[in-house]
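The letter at position 272 of the sequence shown is residue 271 when you use numbering that gives the first Met the number 0, and the numbering goes up by one with no holes.
One thing to keep in mind: the hints can contain errors.
List of simulated lysine to any residue pairs, SDA-like, C-alpha gap at most 25 Å [stated by the list, open to error]:
(1) K268 with E237
(2) K268 with G10
(3) K268 with V242
(4) K268 with D28
(5) K268 with V96
(6) K268 with Q93
(7) K268 with E97
(8) K268 with G8
(9) K268 with D248
(10) K268 with V68
(11) K268 with E100
(12) K268 with L32
(13) K268 with P99
(14) K268 with G75
(15) K268 with G236
(16) K268 with R103
(17) K268 with D38
(18) K268 with H4
(19) K268 with T9
(20) K268 with D35
(21) K268 with L70
Calculated directly from the structure, the hints in this document are not laboratory data.
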Amino acid sequence: MMLAHDRAGTGTPAFLLHGWPGDRTDYADVVPLLADTADVVVPDLRGFGESDRDPGGDHAMASQVRAVVELMDELGLADAVVGGYDVGSRVAQQLAVEHPERVRALVVTPPLPGAGRRVLEPEAQREFWYQAFHQLDLAERLVDGSPDAVRAYLAHFWNHWSGPAFTPTPDRLDHLTGRYAVPGAFTASIGWYRGGSGTAARALVEQPPEVRVATPTTVLWPEHDPLFPRAWSDRVGEWFAAVEVRPVDGVGHFVPVEAPDVFAAAVRKAAAPE
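Sequences are here, hints too, so could you generate the full structure?
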């Protein structure tokens with residue numbers, strides 16, 4: 000199944016990949032800022048939104064990367080600037096590893112490799128509890144298919160992970176609840192974590208590669224992301240050969256939503272002709 004997606008603008012192709020718990024509308028305020036610069040494609044990743052959400056399907060890393068490549072092929076795009084946050088960031092990075100010829104440049108926010116055993120520190124574990132919870136059948140029994148439970152669960156993360164000046168609107172939460180509360184949709188979305196792609200699972204096993212990713216990479220690291228403190232940016236250069244880490248003050252985890260102008264500016268710069 001081709002990923003459900005929106006497309007707008009003209010110019011350099013740009014793929015923007017959303018995170019959990021979101022969907023392609025996370026970039027609603029970014030796309031208009033790029034319309035005169037980039038041919039922007041914003042898909043729902045597998046297991047999310049209006050894309051394939053088979054709760055028993057494989058929605059982890061390999062499946063996500065394959066689906067993005069297939070969509071690029073369907074649209075006739077040889078390569079693109081690829082941006083992402085959260086799950087979308089991990090997919091974008093892996094796309095650059097497996098298919099470097101398809102990625103002109105990366106614009107990503109955390110997670111990035113390099114956390115290592117710091118993910119086991121008590122403060123980190125207080126934040127990453129949800130990834131262990133998602134491994135349990137209890138998660139789907141308590142949340143899946145229940146609009147009230149889904150809305151409360153999603154509202155927790157959108158409020159807790161965002162910066163101090165951001166509060167998700169009721170309309171935003173209503174939209175996401177409508178997407179995630181469809182029976183099977185929540186379970187499909189957490190297939191990412193059940194497939195071993197979450198930070199808590201990856202951080203303890205990832206090792207710097209013998210050959211670093213050569214793709215020009217811009218990392219937008221927010222100030223108030225409780226999951227990914229800025230101290231964890233210290234090893235990014237061990238994985239990426241041409242990387243710039245830019246601090247984004249005042250915002251939390253949802254950079255494209257909280258600071259769409261900052262995210263759009265980074266994509267615009269990456270898409271500019273040399």
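Comparing the hints with the structure gives:
Simply put, K268 and E237 have alpha-carbon atoms about 24 Å apart, close enough for the 25 Å limit, and the pair holds. At roughly 13 Å between alpha-carbon atoms, K268 and G10 fall within 25 Å of each other, so this suggested pair holds. For the suggested pair K268 and V242, the alpha carbons sit about 14 Å apart, so the restraint of at most 25 Å is met. For the proposed pair K268 and D28, the alpha carbon gap of about 17 Å is at most 25 Å, so the pair holds.
Between K268 and V96 the CA atoms are separated by roughly 22 Å; this keeps the pair inside 25 Å, and the hint holds. The straight-line distance between the Cα atoms of K268 and Q93 is roughly 22 Å, inside the 25 Å bound, and the hint therefore holds. Distance restraint check for K268 and E97: the Cα-Cα separation of roughly 24 Å lies within the 25 Å cut-off, and the hinted pair is therefore satisfied. In summary, the hint linking K268 to G8 is supported, as the alpha carbons are separated by about 16 Å, within the 25 Å threshold.
With a C-alpha separation of about 19 Å, the suggested pairing of K268 with D248 holds against the 25 Å cut-off. Taking the CA atoms of K268 and V68, the gap is about 23 Å. The hint holds against a cut of 25 Å. Pair hint K268 plus E100 holds up; C-alpha atoms about 19 Å apart against a cutoff of 25 Å. Taking the CA atoms of K268 and L32, the gap is about 12 Å. The hint holds against a cut of 25 Å.
Straight-line distance between C-alpha atoms of K268 and P99 comes to about 19 Å, which keeps the hinted pair within the 25 Å bound. Restraint check for K268 and G75: the C-alpha separation of about 23 Å stays at or below 25 Å, so the hint holds. Our distance criterion of 25 Å between C-alpha atoms is met by K268 and G236, whose separation comes to about 21 Å. Only pairs whose Cα atoms come within 25 Å are accepted, and K268 paired with R103 is accepted, the gap being roughly 12 Å.
The suggested pairing of K268 with D38 holds, with an alpha-carbon distance near 14 Å, which does not exceed 25 Å. Our distance criterion of 25 Å between C-alpha atoms is met by K268 and H4, whose separation comes to about 23 Å. The hinted pair formed by K268 and T9 meets the criterion: a straight-line CA distance of about 15 Å does not exceed 25 Å. Proximity of K268 to D35 is assessed by CA-CA distance (about 13 Å); at most 25 Å being required, the pair is judged to hold.
Straight-line distance between C-alpha atoms of K268 and L70 comes to about 24 Å, which keeps the hinted pair within the 25 Å bound.
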